[in-house]
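K.L.:
Letter by letter, the chains look like this.
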Amino acid sequence: MSGRDFLAMEDWPVDAIDGLLELAARIKRGEVTGGLERKVLAMVFLDPSLRTRSSMETAMFLHGGHALALEPGKGSWAIETELDTVMDGATVEHIIEAARVLSRYANALAVRSFPKGSDWATEREDATIRNFARFATVPVINLESSRRHPCQGLADALTIREHLGDTVGRKFVLSCAWHPKPLPTAVPAAAAIAAAHLGMEVVIARPVGYDLDPDDTAAIEKLATSRGGSLSITDDIDAAIEGAHVVYPKSWGSLLHFGNAESERSLRADKRDWRLTADRMKATAGDKGIAMHCLPVRRNVEIDAEVLDGPQSAVIDQAENRLHAQRALLLEVMR
Amino acid sequence: MSGRDFLAMEDWPVDAIDGLLELAARIKRGEVTGGLERKVLAMVFLDPSLRTRSSMETAMFLHGGHALALEPGKGSWAIETELDTVMDGATVEHIIEAARVLSRYANALAVRSFPKGSDWATEREDATIRNFARFATVPVINLESSRRHPCQGLADALTIREHLGDTVGRKFVLSCAWHPKPLPTAVPAAAAIAAAHLGMEVVIARPVGYDLDPDDTAAIEKLATSRGGSLSITDDIDAAIEGAHVVYPKSWGSLLHFGNAESERSLRADKRDWRLTADRMKATAGDKGIAMHCLPVRRNVEIDAEVLDGPQSAVIDQAENRLHAQRALLLEVMR
Amino acid sequence: MSGRDFLAMEDWPVDAIDGLLELAARIKRGEVTGGLERKVLAMVFLDPSLRTRSSMETAMFLHGGHALALEPGKGSWAIETELDTVMDGATVEHIIEAARVLSRYANALAVRSFPKGSDWATEREDATIRNFARFATVPVINLESSRRHPCQGLADALTIREHLGDTVGRKFVLSCAWHPKPLPTAVPAAAAIAAAHLGMEVVIARPVGYDLDPDDTAAIEKLATSRGGSLSITDDIDAAIEGAHVVYPKSWGSLLHFGNAESERSLRADKRDWRLTADRMKATAGDKGIAMHCLPVRRNVEIDAEVLDGPQSAVIDQAENRLHAQRALLLEVMR
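Chains as they are written, first to last, in this note's numbering: chain A, 53 to 387; chain B, 53 to 387; chain C, 53 to 387.
Note that these hints are calculated values from the structure, not bench results. All of these numbers come straight from a predicted model, not from anything done at the bench. Don't take every hint at face value.
Identical chains share a label here; the pair holds if one copy fits it or two copies do between them.
Unchecked claim - Here are the simulated EDC-like pairs of lysine to aspartate or glutamate, each with C-alpha atoms no more than 20 Å apart in a straight line:
1) K233 / D140
2) K126 / D99
3) K233 / D70
4) K323 / D140
5) K274 / E74
6) K126 / D136
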């Protein structure tokens, strides 16, 4: 991996992340222009996107560069991600060539690859993004992999700083939310890592059976502690939200049932109450805690419409901050 | 809605439309450059496009800006357009967040959304484009909705002016055409409104049962009359075309059978003669009336190849004018 | 066809091709900037692409221009390619209008259209690309048609020159490779024409039944001879590779069984040994012949991983050279 890959926020020195957040704030104030003239970002979308694609494409354009969007399996060839393979099946392009070739056209690659398999032991290796990074000869940016969504994490940290100012010791609650489908854990892990980076009192409220990957939990705790914060885990959502400065409801699937939609469905069946309601928002710090979400969000399923559209919602600011955070990241990675 | 939304031509003051047409003519003569530097247009295509996408993307580029193209349900998330809903079904992103978030990345949104439902009472509300306009915080441009295609209307007006010079009192015939499928009424309504704006003698020739929505007919008549023209409706296509300066054949489905393809099919079965033939073109004013069509057109079904490829065809000029009209519109909307 | 269409390398005077290759080399050295400001390339992808789309889009951007990517049948309308037709079926947009309209928005068109039919007599006419060229009013660039892939050919020639220096009389082996599916002959024909242009000793090694179209073979031989080289054809892959300076393994289907996948499958069943192995590379000139491939390549099926990832592989350079060759081509075609 190149020294400049951005695969996970905690891979970078904390000072470098703080530098990015400061640069992003300056960019948002309109103090930074140019810097990516004649630079190209090749984006590989193995999964859909609205915010990520729009904000990355806009970010490159605003600084004079250009972002390519490829969709393997649709407009471009289906990519083989197994390294040692005899390619006599359905895939047409190998990840080794894809990474090497795109490195010749672009100054950085950006890859979105959600977990697909039925096996967490495999998916947790994050092989697709890591192999792109291994074989690319330019920096690789993670646009959400099986394990992490660090561009989201940067935007989350920027948003929390804007709304709270001082963040050390403030209460950040990642609260698991019901959803019709088991979703990946990349966003909740990234959000908790962002809060940990800010030295917050991180609380993960989740039903029993919905723990994040133990390595992720350990990474969150280690970072939070080193930054003056802490990590605790509970299955009492209401106690968690009491006095919270930030509530970040987000759905994810049980890793114990990963790839087994049927058994996961029975586990989640009685959890529709894991929802961020207007009442719960009243229990936040001074009734003024903010609600965050990476979007897209299931209205009235993960979060009540009243919360999403109300004064405590930070979700649109948070989406906007994807743009500013990524402009900082791209300037840093491609300079 | 923002004061600068462009959802229907008749929403804007007539002077503003005349100003756009004059600006478009100056742009076509090469007299206008720049003006959209660092500006972004986010285009949301819920339906396919060739001219619209190409001309919008080119328009932004030629003035220094950039157009994003999103395709919800393909490369980006399927959009929920019902406002009050519990999102536990198939849609992933709500229109409220989509509109608000894209407003943070772009200086204007542009949306294409054809009618989908089986119920004209619902579709005539044009909820998708109107809700994008309601929740966006930047101007919204209609790239064809259930009811209107005003960018096409602008290009139509520009084309008619170029070919005819004086337009007041000249005869414009919108003639219904047979087609294998029942199409929306957005283009015929927009074309007739464009001709009405030019003060033309607007004639709608259609088989019985193929009237446009009564509100659209009323809007056409009101505008035509106020501009020195008129509206009449007939089921005699040959009498209509006699002496016409412009013939605009276009297929649309019967609103009486909207959403009922089977009964609509029997109604249209005997109407294959509703076609713009070379013979009919000879009956136009001085044998020199022009044939227009928004494209794509079914060759030898809506219009004979001999007409499309002949000297009276204005369809390629008309498509080119999408570019010039939209360059004017974008400069006006984003300035 | 416009004088500046680029449909096949052999359509252009040899001096013009040499000029392009020299310009491409200067571009690669960083000696050429600008030249496509306010220019637009409209790319029509009837088939998927990774390199072609990325390199074309990057090429336009690096010189100040913009490339549009349209995907008829997906984001844009399905295109009818039959000229004399009554369009009452599934296709929506006729190639005549598509070519004429895009010519009004863009300074050049670029079209990818693989063979689709079940009949080589029809497909060999290359009707789609030739009709785009016939009806467009701006230059048309072939991004791979049924018969040719001349942008690949340019990149191949540039790569061979870079690696070999002097090319006249050097041995170029196009060796047919086994593949799970019968592929088109456009790339092998284009590669052999590129080598012929360089005056190489062109050897086509293929199993009996896998001859290229006789007109293509004749074109290769004529060009090779006129440039100081030669053409020979053999079914002995090992004899062919002996002493080769360049080995270009590439799969293609038997034209004798074109469109008949079942009978083709039995013909190819015993040919899995038609693969470029590490052992075979040791038989090349001085053990240092280079291996080329247009990509995407089936690893361990067409070429061994050891060869692809080894020091004799030129496939990544070759892919990079698509960019430089096309930058030269676009500057030439649009000036």
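K.L.:
Kindly indicate which numbered hints from before are broken by the structure, ordering the numbers from low to high.
P.N.:
3, 5, 6
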